[in-house]
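Heads up, the sequence shown is in this note's numbering, so the first residue is 15 and it goes up one at a time.
Since the hints were made in silico from the structure, they are not lab data.
Honestly, I wouldn't trust all of these hints.
Stated by the list, open to error - Here are the simulated DSS-like cross-link-like pairs (lysine-lysine), alpha carbons at most 25 Å apart as the crow flies:
1) LYS479 <-> LYS319
2) LYS83 <-> LYS588
3) LYS154 <-> LYS180
4) LYS535 <-> LYS595
5) LYS479 <-> LYS97
6) LYS535 <-> LYS348
7) LYS490 <-> LYS561
8) LYS445 <-> LYS403
9) LYS117 <-> LYS97
10) LYS23 <-> LYS83
Claimed, not checked - DEER-style ranges, computed between Cβ atoms:
11) LYS588 <-> GLY537: 33 to 43 Å
12) SER235 <-> SER295: 51 to 61 Å
13) LYS291 <-> GLN366: 12 to 22 Å
A virtual CB, placed ideally from N, CA and C, is assigned to each residue, including glycine.
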Amino acid sequence: MIAQEQWYKYLQLLSEKYPSRQSVYAELIHLNGVLSLPKPTEHFMSDLHGEYESFFHILNNCSGVIKEKVDKVFTEKMSAEEKADFCTLIYYPTEKLSALKKKNLLSPEYYKKTILNLLDLAKFMSYKYQPREITNAIPKGYGTIIDELLRGRPDADYVPRVYRQKMLDTLISIGSGRDFIFAFTVLIKRLAVARLHIVGDFFDRGKRPDAILDMLMHHHSIDIQWGNHDVLWMGAACGNETCIAEVVRITLKYNNVEVLERGYAISVRPLFLFAAKMYPSDKPNEAAQKAIAVILFKTEAQLIKRNPDFAMQSRILLDKIDYAEKCFLWDGKKYALRTTYFPTIDPQDPFQLTDEECAIIKELRSSFMESAQLQHHIQFLYQKGSLYKCYNGNLLFHGCVPVDEKGNFRPIHFEGKNYSGRAYLDYVEQKIRQAYFGEKDPFTIDFMWYLWCGINSPVAGREMKTFERTFVKDKKLWEEPTDAYFRYYDQPWFCEQVLQEFGLDPNHGHIINGHVPIKVKDGETPIKAGGKAIVIDGGFCRAYHNKTGIAGFTLVSNSRGLRLIEHRDFTNVKAAIMDNKDIESVSKSVEVQSYQTTIADTEDGEKIQEQINDLYHLMLLYKNGILKPLE
């Protein structure tokens, strides 16, 4: 009875939006039509690692989709050079028009011809979208005119042809041609990619993760699955001193202080001054790396000791150095050190920070927590991000779901309970959100560091050997054991098990991961388990290009299936603008369907069907006189 009353109240509220039978009819007709449209295109990318210029270009060229569409529409109308020039205009309209202006090439004829070409391309690309979506995709302020131009049929009759001609002549004569070109290019990019998924890791060794995040904050439709580097920075923004020390160490290692000082107004000058005093014989950056590394390993040890649930006692290592013999003791053996000078470590109490170290990490903590730009970006990661996402039958997550040596979901103990599979990932996400938005209890803040490097972390999936790689010469101790997940995700039965755990169809769903660079140059394939899992870390960051042999992947999902695009090296944005240099990309089919997927087959389609069901019930209430129309 209560449920019926609630249902009736809901329909009463719905009647305020649809106050007449005619309004219900119109919406039912519209929504049922929408369900028959082709599924919009989704793009998946991962492991950007701060590589701004390449990502900026790929975002602008929509992973080569724009070029493909231009080739189709203008095959007979444009030469190869003209098509390249037209594509560059779409990618970089402001810069390209400025370059043309310097050459005195911006005539009324140019504006008219270009706008007509952009109009033809936009029409071609809008076929799979409902009119409302197209209108919403047009930049604010240009909707009325561009909408009319898109819907007009000048070839059908003389009157609409004259009408369009007059509109174009007027917008050019009043000096708005440049603005409308820009608006059309924005619309075309939005039509090319309806949804963008970033499967983790904005941060690491690239120069401008801050610029990437700035750009994506204006994206029309995006979701994010956090990676281990993202969680590390999120932990730093929460005030975790060990995360902060690790972030600073990594930025110094890759000579990338710019992202801290220019991107986030976080000064490392006090650290450099301290390091110069402690390590006067070293170069400034090397000295600073040593200074922050010691702070890192001291705070790590303290954190591990107060969190026995982390089961990471084996990572307490400063006390394994024989400071008299100047070697590292491990498993009954002695190993040579890369440095034997530790002026801030007391061998009798190696985990204790000195007063100066304590002051440095406290000041860095204040800087991270008070950086308005960093907090702005971290809030965006929380708003658009999650640990995993089930979307249109696919399972997206950056790293792994921890499993044992037999491929079974491994039970993991935290706060008095065991978690495994999806339940464990849900627990982890809850703790990540609590660390930023909830009460700042020590365990939750410490947990952010654990997620960065813990063997049971779903975003890391390996035991990191940062200490050994920093201080120990023997590379045998550098090997980092990984979760068994990465040995099993090439097995169809295992991928089906994971998909089922998350409530997805094991026969048609896909797991989409990042995190592990795919060595394409060595013949490794990103397509695992016959296509049930796809690993899309293609080494976007330049530092990985020699390792992978390519410059990143984009996975494209459209109404006809899946295809994987391999990107080659990108020169730079200047060359793209001045010389029409585009990224060379190779497209490979992953899965080709004999049928076309429609919106009815998607998650959005399920929501639309629910709306349709509700509207049918409202229509019946109107027809049967149970509810009086408001109009």
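* Asked: If you check each hint against the structure, which ones fail?
  -> 5, 6 and 10
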